[in-house]
Amino acid sequence: MSTVDSTTGPSLLPAAFTAWFSARGWQPRAHQMELLARATAGESLLLIAPTGAGKTLAGFLPALTDLTRRGRIPPGSAFTGIHTLYISPLKALAVDIERNLMKPVEEMGLPITIETRTGDTPQAKRQRQRLNPPDILLTTPEQVALLIANGEAPRFFKDLKYVIFDELHSLVTSKRGHLLSLGLARLRRLAPGLRTIGLSATVAEPMDLRRWLVAQEPGETRHAGLVTAPGGARPIITILKSKERVPWSGHSAKYAMPEVYEAIRDHKTALLFVNTRSQAEILFQELWNINEDTLPIALHHGSLDVGQRRKVEAAMAENRLRAVVATSTLDLGIDWGDVDLVIHVGAPKGASRLAQRIGRANHRMDEPSQAILVPANRFEVMECQAALDANYLGAQDTPPVGDGALDVLAQHVLGMACAAPFNEDALFAEITAAAPYTGLPREKFGRIVAFVATGGYALKTYERYARIRKTQDGLWRVSNPQVAQQYRLNLGTIVEMPMLNVRMVKRGAKGAIGRSGASLGKVEEYFLEMLAPGDTFLFSGKVLRFEGIRENECLVSQAFSLDPKVPAYAGGKFPLSTYLADQVRSMLDDPHRWGGLPEQVRDWLALQRDVSALPKRDELLIETFPRGSRHYMVAYPFEGRLAHQTLGMLLTRRLERAGRRPLGFVATDYSLAVWALDDLGYSFAVERPSLANLFDEDMLGDDLEAWLDESFMLKRTFRNCAVIAGLIEQRHPGKEKTGRQVTVSADLIYDVLRSHEPDHILLEATRNDAAAGLLDIQRLGDMLARIKGHITHRRLTRISPLAVPIMLEIGKEPVAGEAQDSLLAEAAEDLIAEAMGEAAI
Amino acid sequence: MQRLALASAKIEDFGAVSARTVVAGVEVVCDPLGALYLPETRLLVVSDLHLEKGAAFARRGMMLPPYDTLATLKVLEAVIARHDPAIVVSLGDNFHDRVGSAHLPDIFRVKITELARGRDWIWINGNHDPDGTVDLPGQSADELHYAGLAFRHEPSLISPAGEIAGHLHPAATVIRREKAVRRPCFATDGRRLLMPAFGLMTGGLDLRHRAMTGLFERPNLVAHMLGRDRIYSVRFANLIG
Numbered sequence: 001m002s003t004v005d006s007t008t009g010p011s012l013l014p015a016a017f018t019a020w021f022s023a024r025g026w027q028p029r030a031h032q033m034e035l036l037a038r039a040t041a042g043e044s045l046l047l048i049a050p051t052g053a054g055k056t057l058a059g060f061l062p063a064l065t066d067l068t069r070r071g072r073i074p075p076g077s078a079f080t081g082i083h084t085l086y087i088s089p090l091k092a093l094a095v096d097i098e099r100n101l102m103k104p105v106e107e108m109g110l111p112i113t114i115e116t117r118t119g120d121t122p123q124a125k126r127q128r129q130r131l132n133p134p135d136i137l138l139t140t141p142e143q144v145a146l147l148i149a150n151g152e153a154p155r156f157f158k159d160l161k162y163v164i165f166d167e168l169h170s171l172v173t174s175k176r177g178h179l180l181s182l183g184l185a186r187l188r189r190l191a192p193g194l195r196t197i198g199l200s201a202t203v204a205e206p207m208d209l210r211r212w213l214v215a216q217e218p219g220e221t222r223h224a225g226l227v228t229a230p231g232g233a234r235p236i237i238t239i240l241k242s243k244e245r246v247p248w249s250g251h252s253a254k255y256a257m258p259e260v261y262e263a264i265r266d267h268k269t270a271l272l273f274v275n276t277r278s279q280a281e282i283l284f285q286e287l288w289n290i291n292e293d294t295l296p297i298a299l300h301h302g303s304l305d306v307g308q309r310r311k312v313e314a315a316m317a318e319n320r321l322r323a324v325v326a327t328s329t330l331d332l333g334i335d336w337g338d339v340d341l342v343i344h345v346g347a348p349k350g351a352s353r354l355a356q357r358i359g360r361a362n363h364r365m366d367e368p369s370q371a372i373l374v375p376a377n378r379f380e381v382m383e384c385q386a387a388l389d390a391n392y393l394g395a396q397d398t399p400p401v402g403d404g405a406l407d408v409l410a411q412h413v414l415g416m417a418c419a420a421p422f423n424e425d426a427l428f429a430e431i432t433a434a435a436p437y438t439g440l441p442r443e444k445f446g447r448i449v450a451f452v453a454t455g456g457y458a459l460k461t462y463e464r465y466a467r468i469r470k471t472q473d474g475l476w477r478v479s480n481p482q483v484a485q486q487y488r489l490n491l492g493t494i495v496e497m498p499m500l501n502v503r504m505v506k507r508g509a510k511g512a513i514g515r516s517g518a519s520l521g522k523v524e525e526y527f528l529e530m531l532a533p534g535d536t537f538l539f540s541g542k543v544l545r546f547e548g549i550r551e552n553e554c555l556v557s558q559a560f561s562l563d564p565k566v567p568a569y570a571g572g573k574f575p576l577s578t579y580l581a582d583q584v585r586s587m588l589d590d591p592h593r594w595g596g597l598p599e600q601v602r603d604w605l606a607l608q609r610d611v612s613a614l615p616k617r618d619e620l621l622i623e624t625f626p627r628g629s630r631h632y633m634v635a636y637p638f639e640g641r642l643a644h645q646t647l648g649m650l651l652t653r654r655l656e657r658a659g660r661r662p663l664g665f666v667a668t669d670y671s672l673a674v675w676a677l678d679d680l681g682y683s684f685a686v687e688r689p690s691l692a693n694l695f696d697e698d699m700l701g702d703d704l705e706a707w708l709d710e711s712f713m714l715k716r717t718f719r720n721c722a723v724i725a726g727l728i729e730q731r732h733p734g735k736e737k738t739g740r741q742v743t744v745s746a747d748l749i750y751d752v753l754r755s756h757e758p759d760h761i762l763l764e765a766t767r768n769d770a771a772a773g774l775l776d777i778q779r780l781g782d783m784l785a786r787i788k789g790h791i792t793h794r795r796l797t798r799i800s801p802l803a804v805p806i807m808l809e810i811g812k813e814p815v816a817g818e819a820q821d822s823l824l825a826e827a828a829e830d831l832i833a834e835a836m837g838e839a840a841i
Numbered sequence: 001m002q003r004l005a006l007a008s009a010k011i012e013d014f015g016a017v018s019a020r021t022v023v024a025g026v027e028v029v030c031d032p033l034g035a036l037y038l039p040e041t042r043l044l045v046v047s048d049l050h051l052e053k054g055a056a057f058a059r060r061g062m063m064l065p066p067y068d069t070l071a072t073l074k075v076l077e078a079v080i081a082r083h084d085p086a087i088v089v090s091l092g093d094n095f096h097d098r099v100g101s102a103h104l105p106d107i108f109r110v111k112i113t114e115l116a117r118g119r120d121w122i123w124i125n126g127n128h129d130p131d132g133t134v135d136l137p138g139q140s141a142d143e144l145h146y147a148g149l150a151f152r153h154e155p156s157l158i159s160p161a162g163e164i165a166g167h168l169h170p171a172a173t174v175i176r177r178e179k180a181v182r183r184p185c186f187a188t189d190g191r192r193l194l195m196p197a198f199g200l201m202t203g204g205l206d207l208r209h210r211a212m213t214g215l216f217e218r219p220n221l222v223a224h225m226l227g228r229d230r231i232y233s234v235r236f237a238n239l240i241g
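In order, the protein sequences belong to chains A and Z.
Here UniProt numbering is used: the first residue of the first sequence is 1, the next is one more, and so on.
Here UniProt numbering is used: the first residue of the second sequence is 1, the next is one more, and so on.
Rather than coming from a laboratory, the hints here were simulated on the basis of the structure.
Source: prediction; values computed, not measured.
Note that beta-carbon positions come from the ideal geometry of N, C-alpha and C, so glycine has one too.
Take these hints with a grain of salt, some might be off.
So the derived label-pair ranges between C-beta atoms look like this [claimed, not checked]:
(1) Lys-460/A to Arg-109/Z: 14 to 20 Å
(2) Ala-9/Z to Ala-685/A: 33 to 39 Å
(3) Ala-420/A to Glu-143/Z: 50 to 56 Å
Calculated lysine-lysine pairs in the DSSO-like style (CA-CA distance at most 30 Å, straight line) [claimed, not checked]:
(4) Lys-91/A to Lys-268/A
(5) Lys-125/A to Lys-91/A
(6) Lys-158/A to Lys-125/A
(7) Lys-254/A to Lys-311/A
(8) Lys-715/A to Lys-460/A
(9) Lys-111/Z to Lys-460/A
(10) Lys-74/Z to Lys-460/A
(11) Lys-161/A to Lys-103/A
(12) Lys-103/A to Lys-268/A
(13) Lys-715/A to Lys-74/Z
(14) Lys-506/A to Lys-111/Z
(15) Lys-506/A to Lys-542/A
Here are some chain Z residues the structure puts well away from chain A; computed CB gaps all over 10 Å [stated by the list, open to error]:
(16) Gly-15
(17) Arg-20
(18) Arg-42
(19) Gly-54
(20) Ala-58
(21) Leu-73
(22) Ala-81
(23) Arg-82
(24) His-128
(25) His-145
(26) Gly-162
(27) Gly-190
(28) Val-234
With the hints as constraints, model all of the structure from the sequences given.
Here's what the structure looks like:
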């Protein structure tokens, strides 16, 4: 790493900047100057810095100084395109950065125009921006995709010098990141001299990000330069020690509310993070139940109405709130006034996520941030302790960048055809310069292009309906303008769950439902399906009475009750990270590390050691015991809910085949329970089947294939791929499709396609996705390899202490594909019973 | 693909997997493949085939798989083989759009001709395909009155008695222990019967939807739901348990 001589450094700064810094008694930081020097010299760079290290200013310094030297463009000059593109994962972050950037720019009186462009930007302003672009445009990945798919893109981007990616670590691991990497590849073609600047929190694999930032050549891996800022003061993190009993299971942490409230009262402003929307709702309600001082406590999550969210954000920025309960919508680097405490309710599931969230408190580097972890159950106590150790150790567990998704590529190919006719080989060369797509075979790219054109089916009946066609000059062109219109409407990689708007209505004296009221936000349609009119549930911090569904809206009224009848499903959204899982396992294995745990948790573990065994770090503990009329097997792999779910499906298939009559299973982040009619403990003891065979790695072969084919999870994944790839439209011009309609047809399309063309490119994309994401197969495979020959079986006469949490989860899980018909049979039997009863009379 | 798999499965005891009921005094059998059979008149009813739905979408720029017609005809072939009916009534929305039957690939045209051989075939016109069919065996009609029943595409609001209709794609949702399962169904209150959609790439509309209001006497309404390998008959009042 090169360093910048402090004597020559400041000369890089125009006078206005030096004056501005010294007027405040500040000095540019070493990493800011280093980044400025190297970027100005033409390097693309990754800046890794903790929150509060002046990351944003550092990222913009090269652009700001360059623009200052250039000066304002005189009116009447030839068209000048944008100079700097700033891309953030969140709309709110772009808006926030505009505020933070305008301040120094105005104070220094710099001749620079800065504007935002997001999904919320009015049409008129967007058009004006195309004609008269600002110097710096602050935007989101989706807007970049829209801009480059436009015929005017070459003109708009011809003067582009810098592309700044904020929160790069969070962008690159998703499909949004894949789409953005393809967009960057196109920007490089439009403006060959452009430099990239990536801003990131500390990550496990900086090389991945450095590779992502620069164009890759065939057979040669290239990396952007690296600038690292020193870490700030170490955060002070504690685990909430409650006088109450820590519950065995659940995710609400209700037991700790008095202490949480106490902590809010003792601080200026607290941010309360949870993992899911429903947890946020429950926490918010619980806090208000005991809010005797009526402290201003607000709620912020992605399903709430945009207007409401903006209000909360504004109140927060003005320091009018004492606490905000939030989900990951607030994860990223928005600067939130004077937050002096972060409370994390529920386990953080990953050490990096915890570090990120804690960084929200106190943006001044020299003072330590304060955070309290509130575990919701006993396993989470251990997980919090592990995360806490990790944060002190500086351990990181961000997921790998991964190979570029094929559905995203299909979307991009159509976008590029909308921009201008393209040559297939030239586009292939362009997209393989994007890091996630360097390994893409040419043949697969050809299949993607064919898919974009006519669906790419073996049965070629759609040639005459092709969306893009290869013309005589060898270039692919869009067939008609509607194709481009449809592309623009459906662009993006965030596939929405089918959601319905929730509208508050008044119930008249005679029970008649009023016409209109405030919109409260959106809720998943599958959740509403389980409600009957009159049921009450929790949303937007209120207990609501479900009145019914009218067109695309869910009508609700104020319920005069504090107890919602239908509990929201409150499982964790993120699976436990591999790193934390390993930490929890080793903590269990080593009583010396129990010191930091509350006494009741220590007692629990000690009791487990006495009546059964504690899982060792590198072995798999299996317990079997009878309960009621059933026999249970509980395994403790600690590999996260997704891997456990996959394991559960595969194990029940195998037990079924061995004739052990399994009935069902449930998975948590820590363990897996399977129940059966046969005595599983006895079966394993006489090796019918043996545990070694049952847990053999070969389950990831045929069993997995067979199960995948009928898995409902694969259908859900397919729906996402189909929407992203443009097979199914979320929106058709003039005809908004509701999510429900999309879901139904996606399932049917999947079935039809799988039974007739199982090796279709979109099914391949679906399987890739499922294996990497939903099913966590890699992790499951690693686990099976690790525990080979290290399985410990304990035959117990009754449930063990460690098994209690998962046994409490039974019955809370949503119904899976296979079990659906049994529900129908149950309902149909009612009819038979009824008929028999009638006959008896 | 549940119905496609069921179409090729061997059924030992048809009585155990189907449901017999009576509509306006006429005995009918609900076949788990989604067709209605009238044993006395050897008449088979299927509704809302929506053939060439994939192609109809492709014409508008969405390249859905071109295999739906093939799959639907396979199931139709199986159900015709099972009952060997004298008359087949296809109750409207036979094709997903107006030009569907004219653009039908020849392989499918041949298949339908084979299926229709040796029996009467009546295409009832639907709202998707009001102009009848092109170059296919059988006759087109807006309605059919036969064997004491009225066969039409859209249920009428005035005369429910003895009506067999389609159009709405009825589906019922069973809720037990906060879990919901939704399946297409035959819906009947003993006066009229609504057919499930037979096409394999068609969705469903819940019996509680507003469009269903007033069609049935709810106390007598039974949903004969299409399960994985049999019909499950559930009273409307028992759907939510």
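Hints, one by one, checked against the model:
| no. | hint | result |
| --- | --- | --- |
| 1 | Lys-460/A to Arg-109/Z: 14 to 20 Å | 18 Å, holds |
| 2 | Ala-9/Z to Ala-685/A: 33 to 39 Å | 38 Å, holds |
| 3 | Ala-420/A to Glu-143/Z: 50 to 56 Å | 54 Å, holds |
| 4 | Lys-91/A to Lys-268/A | 27 Å, holds |
| 5 | Lys-125/A to Lys-91/A | 16 Å, holds |
| 6 | Lys-158/A to Lys-125/A | 21 Å, holds |
| 7 | Lys-254/A to Lys-311/A | 27 Å, holds |
| 8 | Lys-715/A to Lys-460/A | 25 Å, holds |
| 9 | Lys-111/Z to Lys-460/A | 19 Å, holds |
| 10 | Lys-74/Z to Lys-460/A | 20 Å, holds |
| 11 | Lys-161/A to Lys-103/A | 23 Å, holds |
| 12 | Lys-103/A to Lys-268/A | 25 Å, holds |
| 13 | Lys-715/A to Lys-74/Z | 23 Å, holds |
| 14 | Lys-506/A to Lys-111/Z | 57 Å, violated |
| 15 | Lys-506/A to Lys-542/A | 15 Å, holds |
| 16 | Gly-15 | 14 Å, holds |
| 17 | Arg-20 | 13 Å, holds |
| 18 | Arg-42 | 28 Å, holds |
| 19 | Gly-54 | 8 Å, violated |
| 20 | Ala-58 | 4 Å, violated |
| 21 | Leu-73 | 12 Å, holds |
| 22 | Ala-81 | 19 Å, holds |
| 23 | Arg-82 | 20 Å, holds |
| 24 | His-128 | 15 Å, holds |
| 25 | His-145 | 32 Å, holds |
| 26 | Gly-162 | 24 Å, holds |
| 27 | Gly-190 | 14 Å, holds |
| 28 | Val-234 | 5 Å, violated |
Going through the hint list in order, the structure does not satisfy hints 14, 19, 20 and 28.
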